[in-house]
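Here is what each chain is made of, one letter per residue.
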Amino acid sequence: MNIIVCLKQVPDTDSQIKVAPDGNSIVTDDVKWVMNPYDEFGVEEALQIKEKMGGEVTVIGLGPKRVTESIRTALAMGADKGILINDPALENSDALATGRALAAAIKGLDYDLIFTGQRGVDDDMGLVGATLAEFLDIPQLSIIVKAEISEDGKSVKVNRAVEGQTLVIESSLPAVITTQKGLNEPRYASLPGIMKAKKKPLEEKTLADLGLDPSQVGEGARKLKIMELTPPPQRETGKIIEGETPEEKAAELVRLLHEEAKLI
Amino acid sequence: MDFSLSMEQEILRNSVRQFAENEIQPVARELDEKEEFSYETMKKMGELGLFGMFVSEGYGGQAMDYVSYIIATEEIARVDGSHAATVAAGNSLGIGPLYYFGNEEQKKKYLPKLCTGETLWGFGLTEPNAGSDAGNTQTNAVLEGDECIINGSKIFITNGSTDITKGVTALCRTGTRDDGRPELSCILIETGTPGFEAREMHGKLMWRASNTSELYFDDCRVPMENLLGPRGNGFYQMMQTLDGGRLSIGAMGLGGAQGCFDKALKYSNERVQFGKPISNFQVNAFKLADMSLEIECARLLLYKACWLRDNDKPYTKEAAMAKLHCSEVMYRCANHAVQLHGGYGLMKEYDVERFYRDQKLLDIGEGTSEVQRIVIARLIGGL
Chain C
1 MNIIVCLKQV PDTDSQIKVA PDGNSIVTDD VKWVMNPYDE FGVEEALQIK EKMGGEVTVI
61 GLGPKRVTES IRTALAMGAD KGILINDPAL ENSDALATGR ALAAAIKGLD YDLIFTGQRG
121 VDDDMGLVGA TLAEFLDIPQ LSIIVKAEIS EDGKSVKVNR AVEGQTLVIE SSLPAVITTQ
181 KGLNEPRYAS LPGIMKAKKK PLEEKTLADL GLDPSQVGEG ARKLKIMELT PPPQRETGKI
241 IEGETPEEKA AELVRLLHEE AKLI
Chain F
1 MDFSLSMEQE ILRNSVRQFA ENEIQPVARE LDEKEEFSYE TMKKMGELGL FGMFVSEGYG
61 GQAMDYVSYI IATEEIARVD GSHAATVAAG NSLGIGPLYY FGNEEQKKKY LPKLCTGETL
121 WGFGLTEPNA GSDAGNTQTN AVLEGDECII NGSKIFITNG STDITKGVTA LCRTGTRDDG
181 RPELSCILIE TGTPGFEARE MHGKLMWRAS NTSELYFDDC RVPMENLLGP RGNGFYQMMQ
241 TLDGGRLSIG AMGLGGAQGC FDKALKYSNE RVQFGKPISN FQVNAFKLAD MSLEIECARL
301 LLYKACWLRD NDKPYTKEAA MAKLHCSEVM YRCANHAVQL HGGYGLMKEY DVERFYRDQK
361 LLDIGEGTSE VQRIVIARLI GGL
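Sequence lines, in order, name chains C and F. First residue of the first sequence? That's 1 in my numbering, and the numbers climb one at a time after it. First residue of the second sequence? That's 1 in my numbering, and the numbers climb one at a time after it.
Isolated chain C (complex conformation) (with noise of 0.2 Å):
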């Protein structure tokens, strides 16, 4: 079972993120760029069905040279192929574009799967896994938290929870699976893994290699545009509800969600 993950590097959670002074980006001198966690679940799940069927896993990664060292952590972790596709012409390309590019660096390959997250907790689009299955023409299977893939490898059953439910689908391979949290822990880049993943391969591609045209891609074919960013408002003080016994402060509580904060 060949299987593709398709990674993405967004800023650390734990870096302060500051709106640059143009309005519509971020200032990134600081920021400190890992995997995108939902992606970490696709690497770890890929992994985990190389381990249990064979086959050969490989890591896609689209942006500037710094996405090679999430694309090596993916090595590390037992990937056992790299590609980034690196081109100044991709920069602030949209999902439908990225996953144009995505795709034209797919097609040629012998796959059977493909993972990548559900989001990328940087914008928080979602939208990647389907417009990278639609460019494929290949089912998606999307938000999931367990993949088991049939005995003869040529079809996948996945759980996604619905409301408290969890809803089974089964599709024929290949497909996009997009990653959701609760679908496995992933492992850590040990540090004989770190020393073996210097020697992976990683190829590097341009548009031109992808034969895609840079009219495709990039700020001017964006379907979407970021009129301005805003940081979240600063969180309020909390407020302490008075009352003598636990029934008057359920009371206050009460009324306080009807009428000021007229949630109930």
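The hints are simulated quantities; they were obtained by calculation from the structure and are not laboratory data. Wrong hints could be hidden among the right ones.
[Claimed, not checked] Derived PhoX-like pairs: lysine-lysine, alpha-carbon spacing no greater than 20 Å straight-line:
hint : chain 1 : residue 1 : chain 2 : residue 2
1    : C       : LYS18     : F       : LYS266
2    : C       : LYS32     : F       : LYS266
3    : F       : LYS276    : C       : LYS239
4    : C       : LYS200    : C       : LYS65
Start from chain C and add chain F according to the hints.
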């Protein structure tokens, strides 16, 4: 001049940091309180590859450079001193002498399992009456026929008496040199050898979740092939080992200082007094600025010492400086961190009290701060 780390070193730091925060942080306080060595975290650290980092692949090691080893130790120390002690002693003192001075047979016999973390090895140098004066070792070994017969005791030996400790390297007096001074040799003594007993020590101020032991040798007989390297080389081997060991103690100081700073910064930004976060008061902001500055300097010094070692240049002086400075930087950072936490800093709940206690060992273990100053003074032409 290039100050950037390699990509492998960056990945290593991220991975060990995640590991430490997810696997060690949640249990560190309780293990400290119970004064308990955890076999569970030990196993996990072994699986991650934290033992045998500088050992070549042929013996089961990771074949990494010393900077990488130091980064890994630093990241564990950022979260917990006890676990960092297990790693630093396991590598520098347990694995180190066997790897650098052992013969092929000894290396093949012991290193592979030490490198997976399945076993540990102690380093028996300090004695009740031979601390800073290590040359005054009293533990005696009579080399008779094809056996060494050992009598004496060692104290404060890290990793010396865990359930998975496979043995110890002990510095023993094996005779008298021509110049009248004692001839010292290192001897490998396996756990379970009749006449050898290792007892766990309790009641420690710091490193309470690391294993510390007293070793007793009572007519303990081991075969002559257990000599480590040539007879009479013991003192030299111990000093070489301590040069490298000092870098890992430096890493514990640096990592501990970083942990103190990270906690102090977070708390200072959250704690509100007089209507604003306490980090907004200049008196506190300056403490944080000083900590950050001192940590930066300590890191540069320590990494430079490691770089010297990785490039086969003399590094004894820089190792002593790094060990001394990093320990003292952590001392000041731990002090500031507790101060910034105020009353809460005195409570176990906020962890900085543990860092405050754990720091004290760094001024004492693997050569006291005073001994480091002697080493530096000698090497700059003083004394």
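Legend entry - Hint numbers not upheld by this structure, sorted from lowest to highest: none
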